[in-house]
Amino acid sequence: MAAMPAQAAPGSCWSLLQSKFGPEIEKSVNEADPCKKLPGVDHKDKFEVKSLDVCDGPNGGVQINAHAEMACKSHGVLKTTIKGELDASMTVDVGACHITDLHLGINGPIGELISSVGGLQELARGFAQAKISEICGK
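Using the numbering used here, you'd call the opening residue of the sequence shown number 1 and step up by one each time.
One thing to keep in mind: the hints can contain errors.
[To be verified] Calculated pairs, BS3-like style, for lysine-lysine (alpha carbon to alpha carbon, straight line, at most 27 Å): (1) Lys44 <-> Lys27; (2) Lys131 <-> Lys37; (3) Lys46 <-> Lys20; (4) Lys73 <-> Lys50; (5) Lys27 <-> Lys37; (6) Lys27 <-> Lys46.
[What the hints assert, rightly or not] Pairwise CB distance ranges (calculated): (7) Ser12 <-> Leu78: 45 to 51 Å; (8) Val77 <-> Gly22: 37 to 43 Å; (9) Phe21 <-> Glu85: 18 to 24 Å; (10) Ser19 <-> His98: 19 to 25 Å; (11) Lys79 <-> Lys138: 40 to 46 Å; (12) Val94 <-> Ser28: 17 to 23 Å; (13) Gly60 <-> Glu85: 28 to 34 Å; (14) Cys97 <-> Gly22: 19 to 25 Å; (15) Asp101 <-> Glu26: 23 to 29 Å; (16) Lys79 <-> Ser28: 26 to 32 Å.
Since the hints were made in silico from the structure, they are not lab data.
The model shown is predicted, which means the values in this text are computed figures rather than measured ones.
Quick reminder that beta carbons are idealized off the backbone N, C-alpha and C, glycines included.
Kindly generate the complete structure, drawing on both the sequences and the hints.
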């Protein structure tokens, strides 16, 4: 379940984490808990965005590519932690402030668990669209 980020021409990308939006992005990531809806491992142990880049996209839009590491843990009788890596890419129509395409993949044991639950693409798209709308002031 791996997402393949779109390839942009060299020099046409910049890091959102290194921009003025970096601290706000890190705050949003720290507040996000992608584990809470998972059966058995309902608490975030780690959710760390390693890269978040904006690139020139198709039709004058932008392509946003992200890579993160995540781990979820349980607080039940059987304490366990499962880990994985997340890769996402989305295309945004900047004028409309709207996501036109999104691909999300999570590998490792956590990816297998999330695949069995379903609905991740829709959840991720809703979260990302809300953040983009917030940035656009909508």
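Each hint, compared with the structure:
1. Only pairs whose Cα atoms come within 27 Å are accepted, and lysine 44 paired with lysine 27 is accepted, the gap being roughly 15 Å.
2. The suggested pairing of lysine 131 with lysine 37 holds, with an alpha-carbon distance near 20 Å, which does not exceed 27 Å.
3. At most 27 Å may separate the alpha-carbon atoms for a hinted pair to count; lysine 46 and lysine 20 meet this at roughly 24 Å.
4. For a cut-off of 27 Å, the pair hint linking lysine 73 to lysine 50 stands: about 20 Å separates their Cα positions.
5. Between the alpha carbons of lysine 27 and lysine 37 the distance comes to roughly 20 Å, so the proposed pair stays at or under 27 Å and holds.
6. Distance check on the hinted pair: lysine 27 and lysine 46 sit about 14 Å apart at the alpha-carbon level, within 27 Å; holds.
7. Separated by about 48 Å at the C-beta atoms, serine 12 and leucine 78 satisfy the suggested range of 45 to 51 Å.
8. Against the hinted window of 37 to 43 Å, the Cβ-Cβ separation of valine 77 and glycine 22 comes to about 40 Å, which satisfies the hint.
9. Look at phenylalanine 21 against glutamate 85: about 23 Å separates their beta carbons, and that is inside 18 to 24 Å.
10. A hinted range of 19 to 25 Å for the beta carbons of serine 19 and histidine 98 is consistent with their spacing of about 21 Å.
11. Between lysine 79 and lysine 138, the C-beta spacing of about 42 Å keeps the proposed range 40 to 46 Å intact.
12. The beta-carbon spacing between valine 94 and serine 28, approximately 20 Å, falls within the hinted interval of 17 to 23 Å.
13. Between glycine 60 and glutamate 85 the beta carbon distance is about 31 Å. The supplied range of 28 to 34 Å therefore holds.
14. Under the hint 19 to 25 Å, the C-beta atoms of cysteine 97 and glycine 22, about 20 Å apart, fit the expected range.
15. Hint check: aspartate 101 to glutamate 26, Cβ distance near 25 Å, so the stated range 23 to 29 Å holds.
16. Distance hint check for lysine 79 and serine 28: the Cβ-Cβ separation is about 28 Å, which falls inside the suggested range of 26 to 32 Å.
The structure fails none of the hints (numbered hints given earlier).
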